[in-house]
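Visitor: Modelling step: build the complete structure from the supplied sequences, incorporating the hints.
Here the protein sequences line up with chains A and B, keeping their order. At position 183 of the first sequence the residue is numbered 183 (the working numbering), and the sequence of numbers has no breaks. At position 175 of the second sequence the residue is numbered 175 (the working numbering), and the sequence of numbers has no breaks.
Think of the hints as simulated: they come from the structure by calculation, not from any bench. Among the clues, some could well be false.
In the EDC-like style, the derived pairs of lysine to aspartate or glutamate whose C-alpha atoms are separated by at most 16 angstroms in a straight line are [to be verified]:
{"hint": "1", "chain 1": "B", "residue 1": "Lys112", "chain 2": "B", "residue 2": "Glu34"}
{"hint": "2", "chain 1": "A", "residue 1": "Lys147", "chain 2": "A", "residue 2": "Glu161"}
{"hint": "3", "chain 1": "B", "residue 1": "Lys10", "chain 2": "A", "residue 2": "Glu346"}
{"hint": "4", "chain 1": "B", "residue 1": "Lys99", "chain 2": "A", "residue 2": "Asp92"}
{"hint": "5", "chain 1": "A", "residue 1": "Lys405", "chain 2": "A", "residue 2": "Asp435"}
{"hint": "6", "chain 1": "B", "residue 1": "Lys7", "chain 2": "A", "residue 2": "Glu346"}
{"hint": "7", "chain 1": "B", "residue 1": "Lys7", "chain 2": "A", "residue 2": "Glu6"}
{"hint": "8", "chain 1": "B", "residue 1": "Lys7", "chain 2": "A", "residue 2": "Glu350"}
{"hint": "9", "chain 1": "A", "residue 1": "Lys146", "chain 2": "A", "residue 2": "Glu214"}
{"hint": "10", "chain 1": "A", "residue 1": "Lys32", "chain 2": "A", "residue 2": "Asp94"}
{"hint": "11", "chain 1": "B", "residue 1": "Lys10", "chain 2": "A", "residue 2": "Glu350"}
{"hint": "12", "chain 1": "B", "residue 1": "Lys128", "chain 2": "A", "residue 2": "Glu218"}
{"hint": "13", "chain 1": "B", "residue 1": "Lys10", "chain 2": "A", "residue 2": "Glu343"}
{"hint": "14", "chain 1": "A", "residue 1": "Lys147", "chain 2": "A", "residue 2": "Glu197"}
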Amino acid sequence: MEDTSEAVRKIIEGFGSIVLNVEAVHGLPVVKVPKEDLPVIAHFIHTAPSLRGTLSLQWAVDLRPGERRFQLYYLFSLKERGDWLVLLTELDGDDRLFHSITPHIHAAKWYEREIRDMFGLIAQGHPDLRRLVRHEHWPKGAHPLKKDFPWNTVMERRQGEYAFRRIDGEGVLEVPVGPIHAGIIESGHFRFSVAGEPIMQLELRHFWKHRGVEKVFENLSLVNGVSLAEKVSGDTSFGHSLCYCQAVETLMGVEAPPRARYLRTIFLELERLHNHIGDVGAICNDTAYALAHAHCARMKERIMQLNDRLTGSRFLRGVNIAGGVTVNLWPYHLDEIVHELDEIEEDFTELTQILFNNASLADRLETTGVLNERTAWDHGVMGVVGRASNINRDVRRDHPFAAYKDFTLKVPVYHYGDVQARMRVRIDEVHESIDLIRQAHERLPEGAITAACLPAAHPGDWALSAVEGWRGEILYFVMAGQDGMIHRCKARDPSFVNWPAIQFAVLGNIIPDFPLINKSFNLSYAGNDL
Amino acid sequence: MFRILRKSLKTGIVTGQHDASSTSTPTVAGESAEKARSFRRSLAIREVDSGSCNGCEMEMNALMNPVYDAERFGIHIAASPRHADALVVTGPVTVNMEKALKDAYRATPDPKLVIALGDCACDCGMFKGSYAVTGPVERHVPVDVKVPGCPPRPAEILQALQTLMGHAGVAVKGRALKPKG
Ligand code: SF4
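Guide: Rendered as structure tokens:
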């Protein structure tokens, strides 16, 4: 926090005459600036050696019906440890234009295209204003998150085609893949340009699965939103619902009791475990190493069955509610968890020894799909993928939530940024998670598991919350509306940030390695498309 | 080499180590039962995600793991709708996926079955009415079997598929990997 006020001081020092207002919203410093000056200040935060801010999230809010204004928020994570700072600017009345920061800050690229599609606000100077969320058959002028767009609009279809970036030249071929893929995977389109085997360019065309999640949120009350948060990305049901609940708790001014916070920690780590173990197997499977896949799938299944026995849901759904958790763990549950995890750790360690001794596996994984540190930093890449490219960030350590401030966390970081590094991060985190669960089990406090009462939130108040899900940093921005409803909910899965980076990681690799690289990122399509 | 062998011997056989499905068996009648007769011994499935949250995909994947091992019942995943006997559709059918779903259906050779997997596919779930959703699945393609649940457990999916294939008699009677605590 001190560092952040330091940052605010620096901004006021440099731009004091243009800063309109500085305030703290639930402990988060918010600097309001005129829209014309925003790009300069954003550039300063991004480049000043003492700040080195990466853009973590950019989003818009339509304040109607209360006021005829749009707000644009920019969340920066500063320096190594990611202290937060919010820039805010407002567009009055019928103003539809704002200034793009993408020319200086790559990470804003998709956010600004998204804001254009969802709100009809245009980022002037953006180098690429093709549609992102709205596919070409959407009618003109359909901007779903504007308040005058009814949530249940039936849209007409029109003709149109996405203009892919083309590489022309002798022997250059385009290879389209998707939206429906060969395995049991989600829908998305990849367009490769190749000359011979190596990939010269990859372009993603996603958002096939856009379900209108953020608009549906606006039909729900703050208390009921949690069941939708669980469905943003099914494999991260617990991470998303936790992040959502934390934001709502801040809005209501309540805190989950200590026991609930410990239980949340245990469940979040269980979710990380089954996903990481499954991923290690899936990476091996894409090198045709089926043995490892079978073992990992078996261990993953074991943890999901454990989840089911503990909570009645293999995906830990229905556990989080605003103010705490619905499921208590009794001593025999806790003994069962520890016993299971002891066995799984031994099982998993034996397997990883087999993996590390397999030269042909190492040959496929090493130097494949390298995402270098510079590219990762420029795009604000985070989570497992970031830590494999030397981006040393982890919300559990940097902005402790649930019970994480009571534990010391070893954050594994690798430099190479290849498939091998991403697998190593996962393997290290499996051990770390098991360790955390053991510690949480030892120190689990007694007491209630839900907050005594849930006061009403102030309409117009907002809160931001972050959770380190198994993929990386999940962010929720929730603004309260009238009568306990949600005015606006921005959900950000780490996939939205990491997808564009994959376009750089594949360059120079051959198409047959793409599934392997994609698996090592293992990003969510649903969480990206919303 | 010995390490791998030791690991396999130590692990033993895990197939079938899961709880039996606790939901009722879906009914397959009339024309669907007629079509399903030709797939009694082997069913090639193409999974089409029409906008799921990926929970349903995860459970479809689990179906192929050593614990459920659907392949032992002749169920396997085909890489293309052209090689499929049945489409398993998940998700509420988004406006962006509607055409792709219809294309996949058209590309699947007759006779074919369509299985709507999960609450989203059956009736759009929480997304019913959303501007971005045009489903449910049966609005666009004829559905033979619905498997509700959010998501349905793998044991339930397996039971539904077996009923469809007409081997309800050999329905998996599983037991959990670990007894209930
Ligand atoms: S039915 Fe449930 S698990 Fe399946 S796609 Fe829909 S929300 Fe996800």
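Visitor: Under the criterion that the straight-line Cα-Cα distance not exceed 16 angstroms, is the pair B:Lys10, A:Glu346 satisfied?
Guide: 12 angstroms, holds
Visitor: A:Lys147 and A:Glu161: Cα distance at most 16 angstroms?
Guide: 28 angstroms, violated
Visitor: If you draw a straight line from the CA of B:Lys7 to the CA of A:Glu346, is it 16 angstroms or shorter?
Guide: 11 angstroms, holds
Visitor: Verify the proposed pairing of A:Lys146 with A:Glu214, using a straight-line Cα cut of 16 angstroms.
Guide: 11 angstroms, holds
Visitor: What's the verdict on B:Lys7 and A:Glu350, does the C-alpha distance respect the 16 angstroms limit or exceed it?
Guide: 8 angstroms, holds
Visitor: When you check the alpha-carbon spacing of B:Lys7 and A:Glu6, does it fall within 16 angstroms?
Guide: 55 angstroms, violated
Visitor: Sort out whether A:Glu343 lies within 16 angstroms of B:Lys10, counting only the CA atoms.
Guide: Roughly 12 angstroms between the alpha carbons, so the hint for B:Lys10 and A:Glu343 holds.
Visitor: Check whether the Cα positions of A:Lys147 and A:Glu197 lie no farther apart than 16 angstroms.
Guide: Distance of about 48 angstroms is beyond 16 angstroms: violated.
Visitor: Given the hinted pair B:Lys10 and A:Glu350, is their Cα-Cα distance within 16 angstroms?
Guide: 11 angstroms, holds
Visitor: Is it true that the CA of B:Lys112 sits at most 16 angstroms from the CA of B:Glu34?
Guide: Satisfied, since the Cα-Cα distance of roughly 11 angstroms is no more than 16 angstroms.
Visitor: For B:Lys99 and A:Asp92, compute the direct alpha-carbon distance and say whether it is at most 16 angstroms.
Guide: 39 angstroms, violated
Visitor: Decide if the proposed pair is consistent with the structure: A:Lys405 and A:Asp435, CA atoms, cutoff 16 angstroms inclusive.
Guide: Holds, at roughly 15 angstroms.
When held up to the earlier numbered hints, the structure conflicts with 2, 4, 7, 10, 14 and fits the remainder.
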